[in-house]
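In this text, residue positions in the sequence shown follow full-length UniProt numbering: the first is 1, and each later residue adds one.
Mixed in with the good hints, there may be bad ones.
[Said to hold, decoys possible] The calculated lysine-lysine pairs, modelled on BS3-like cross-linking and capped at a C-alpha distance of 30 Å, are:
| hint | residue 1 | residue 2 |
| --- | --- | --- |
| 1 | Lys39 | Lys98 |
| 2 | Lys38 | Lys100 |
| 3 | Lys38 | Lys98 |
| 4 | Lys162 | Lys66 |
What the hints contain is simulated information worked out from the structure, not anything from laboratory work.
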Amino acid sequence: MHQHVQHQVRQGVGIVGNVISFGLFLSPIPTVFGFWKKKTVEEFHPWTFVFGILNCCLWIMYGAPKIHPDSTLVWTINSVGLVLYVVYLSIYVWYAPKPKMLQVFGSVGAVAIVDVIVALPVLLVVHVIKTRTLITGILAVIFNVCLYAGPLTVLGTVYRTKSVEYLPIWICSANLANGIIWSTYALLSAPIDPMILTGNGIGTVLGLIQIGLHVWYGSCWGNRKVASGGDDLKKPDKPSEVQLETVKIVV
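Turn these sequences into a full structure, and let the hints guide you.
Printed below as a string of structure tokens:
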């Protein structure tokens with residue numbers, strides 16, 4: 001009876017996690033809409049979309065019944081994410097200049113090679129489910145943590161300007177919420193899912209750091225003026241949007 005209740009609670013938490021993850025998957029839409037409106041990708045780099053595709057592929061593989069049974073919520077939400085990131089990347093390619101198009105095709109080819117290198121040995125050579133889970137899970141966790149850490153790539157700009165303009169609070173909050181929800185999901189698994197817990201546990205810590213930075217620089221330094229003239233600090237060139245959009249995926 002206790003296990004049944006725990007399973008039901010876990011499923012409920014997983015559904016909430018899927019809703020949050022879906023929101024994160026939709027977060028590049030304003031950027032992609034900007035491509036369509038301006039008919040150009042400007043200085044935006046495609047790495048967010050490329051790594052998003054790879055991350056989703058790895059988690060789909062991890063959640064597959066033959067690798068990690070009873071993980072339907074993991075592979076379903078990442079399947080949705082995969083479709084969305086393919087759409088985003090397709091729109092990017094449509095408006096990208098030729099050099100960037102070639103860059104994208106090369107990156108997608110590399111992603112395909114990585115997926116094949118991971119999938120074939122895991123499915124054809126490794127026959128023990130625990131070993132399959134371990135191999136796929138480690139790779140998924142690595143990319144998961146990288147995506148959680150994405151907003152921190154603007155840390156230098158935040159420190160230099162004492163401004164959180166380039167560290168959006170909604171991204172930090174979504175990172176934190178996503179990490180907490182999926183960590184809870186992992187803890188409610190029987191047995192505890194170490195891969196989902198590791199990636200999202202670290203993601204929770206990174207989310208707290210991001211929120212802390214936002215609170216510190218937003219409240220303590222938000223109105224800082226230049227001593228000589230009282231004018232606002234001069235803003236640096238806006239960092240690449242890829243630094244702000246790498247949130248995104250994640251289980």
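Taking the hints in turn, this is what the structure says about them:
no.: 1; hint: Lys39 to Lys98; verdict: 14 Å, holds
no.: 2; hint: Lys38 to Lys100; verdict: 17 Å, holds
no.: 3; hint: Lys38 to Lys98; verdict: 17 Å, holds
no.: 4; hint: Lys162 to Lys66; verdict: 49 Å, violated
The structure fails to meet hint 4 from the earlier list, while all remaining hints are met.
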